[in-house]
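Asks: Just so you know, the numbering used here puts the end of the sequence shown at 338, numbered straight through with nothing missing.
Misleading hints may appear alongside valid ones.
If you anchor each label on the Cβ, the simulated ranges turn out as follows [said to hold, decoys possible]:
{"hint": "1", "residue 1": "M127", "residue 2": "T195", "range": "19 to 27 angstroms"}
{"hint": "2", "residue 1": "D222", "residue 2": "D305", "range": "15 to 23 angstroms"}
{"hint": "3", "residue 1": "G298", "residue 2": "G63", "range": "41 to 49 angstroms"}
{"hint": "4", "residue 1": "L78", "residue 2": "D305", "range": "40 to 48 angstroms"}
{"hint": "5", "residue 1": "L125", "residue 2": "A65", "range": "16 to 24 angstroms"}
{"hint": "6", "residue 1": "S320", "residue 2": "R165", "range": "17 to 25 angstroms"}
{"hint": "7", "residue 1": "N61", "residue 2": "S312", "range": "23 to 31 angstroms"}
{"hint": "8", "residue 1": "H57", "residue 2": "E164", "range": "15 to 23 angstroms"}
{"hint": "9", "residue 1": "G80", "residue 2": "A324", "range": "50 to 58 angstroms"}
{"hint": "10", "residue 1": "A313", "residue 2": "R34", "range": "43 to 51 angstroms"}
{"hint": "11", "residue 1": "S128", "residue 2": "E164", "range": "19 to 27 angstroms"}
{"hint": "12", "residue 1": "G308", "residue 2": "G185", "range": "19 to 27 angstroms"}
Source of the hints: derived by calculation from the structure; they are not laboratory data.
All values reported here derive from a predicted model rather than from experimental measurement.
Built from N, CA and C at the ideal position, the CB exists for glycine as well.
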Amino acid sequence: MRTAFVQALTDLASRDRRITLITGDLGFGVLEGFGRAYPHQFFNIGVAEQNMTSVAAGMALTGRIVFTYSIGNFPTLRCLEQIRNDVCYHEADVKVVTIGGGFAYGALGMSHHATEDLAIMRALPNMVVVAPGDPLETAAAVRAVAERSGPCYLRLGRAGEHTVHGDGMRFELGRAITLRDGGDVTLISTGAMLERALRVAERLDAEGVHARVVSMHTLKPLDTDAVADAARQTGAIVTLEEHSAIGGLGSAVAEALLDGPVCPVRLRRVALPSMFAPTVGGQDYLRDALGLSESAVAEAVRSLLAARAREMSGWNGASGS
Numbered sequence: 018m019r020t021a022f023v024q025a026l027t028d029l030a031s032r033d034r035r036i037t038l039i040t041g042d043l044g045f046g047v048l049e050g051f052g053r054a055y056p057h058q059f060f061n062i063g064v065a066e067q068n069m070t071s072v073a074a075g076m077a078l079t080g081r082i083v084f085t086y087s088i089g090n091f092p093t094l095r096c097l098e099q100i101r102n103d104v105c106y107h108e109a110d111v112k113v114v115t116i117g118g119g120f121a122y123g124a125l126g127m128s129h130h131a132t133e134d135l136a137i138m139r140a141l142p143n144m145v146v147v148a149p150g151d152p153l154e155t156a157a158a159v160r161a162v163a164e165r166s167g168p169c170y171l172r173l174g175r176a177g178e179h180t181v182h183g184d185g186m187r188f189e190l191g192r193a194i195t196l197r198d199g200g201d202v203t204l205i206s207t208g209a210m211l212e213r214a215l216r217v218a219e220r221l222d223a224e225g226v227h228a229r230v231v232s233m234h235t236l237k238p239l240d241t242d243a244v245a246d247a248a249r250q251t252g253a254i255v256t257l258e259e260h261s262a263i264g265g266l267g268s269a270v271a272e273a274l275l276d277g278p279v280c281p282v283r284l285r286r287v288a289l290p291s292m293f294a295p296t297v298g299g300q301d302y303l304r305d306a307l308g309l310s311e312s313a314v315a316e317a318v319r320s321l322l323a324a325r326a327r328e329m330s331g332w333n334g335a336s337g338s
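Go ahead and model the full structure; you've got the sequences and the hints to work with.
Replies: Structure representation (structure tokens):
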């Protein structure tokens, strides 16, 4: 995703001198080419993320489209007040980019585990929140947030995510993408868990469970129509995210279901517990250790469908009596 981001942004910068990239003193292995090609559109602000955000807001208010770039929690939580007061309040054209969502920097410890960012950024007024699922979605998301006026948050992976979309993918902010159809249950994924959701669907298909897979790349604004369709057409939804169970994708989907007209529907949220990871390690190791393994997701689907079957059996028994 990181490479796709830089390539897409470089292409935009070649055609629009307003495109500006500010880094917090990192990423030079992938950003040097951008800086050499467009020296007046690239700035290293140093290890000073609060200042980086305020500088970005000032540049945006003079007409630039500014992307701030750093890893983990540094361009979000470290400078949250500046994002809220300088960027969101003034509806400045600043795009906050995080590389390494979730446990992508798992071996560096909890300071680099970005597991609360979606909830926090989603709560900010005027902020659009995007977490693409593969490199193709990433490139499309970069173009989309650049075209959209106002604050945006772009949460990316960095661990060599595979491309799962085929040719002809259509990307629109606020519109989910269905990658696989199915009538028994819907798996709604955000961010880099998309490939895992597809593998779980293939595993379930071998058991006779046909799962729809939806990439909810935009958490705000959420595609409530896609959620309602999944509820009506499958009656069971499992959300999957590399983020705390509080305030992320699962919470957004639950809110949409509570506010919407669809009932009844079964919902199961597969997410991280609200705790700091008790250990360090690679991304896959931490995912599996904290309940995001393929086996754990598949079992969540099975238990949800079993509970729905028991519920339906109870209703039929009651109506028969």
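Asks: Determine for every hint whether it applies to the structure shown.
Replies: Each hint, compared with the structure:
{"no.": "1", "hint": "M127 <-> T195: 19 to 27 angstroms", "verdict": "violated, 35 angstroms"}
{"no.": "2", "hint": "D222 <-> D305: 15 to 23 angstroms", "verdict": "holds, 22 angstroms"}
{"no.": "3", "hint": "G298 <-> G63: 41 to 49 angstroms", "verdict": "violated, 30 angstroms"}
{"no.": "4", "hint": "L78 <-> D305: 40 to 48 angstroms", "verdict": "holds, 45 angstroms"}
{"no.": "5", "hint": "L125 <-> A65: 16 to 24 angstroms", "verdict": "holds, 20 angstroms"}
{"no.": "6", "hint": "S320 <-> R165: 17 to 25 angstroms", "verdict": "violated, 39 angstroms"}
{"no.": "7", "hint": "N61 <-> S312: 23 to 31 angstroms", "verdict": "violated, 43 angstroms"}
{"no.": "8", "hint": "H57 <-> E164: 15 to 23 angstroms", "verdict": "holds, 22 angstroms"}
{"no.": "9", "hint": "G80 <-> A324: 50 to 58 angstroms", "verdict": "holds, 54 angstroms"}
{"no.": "10", "hint": "A313 <-> R34: 43 to 51 angstroms", "verdict": "holds, 48 angstroms"}
{"no.": "11", "hint": "S128 <-> E164: 19 to 27 angstroms", "verdict": "violated, 34 angstroms"}
{"no.": "12", "hint": "G308 <-> G185: 19 to 27 angstroms", "verdict": "violated, 34 angstroms"}
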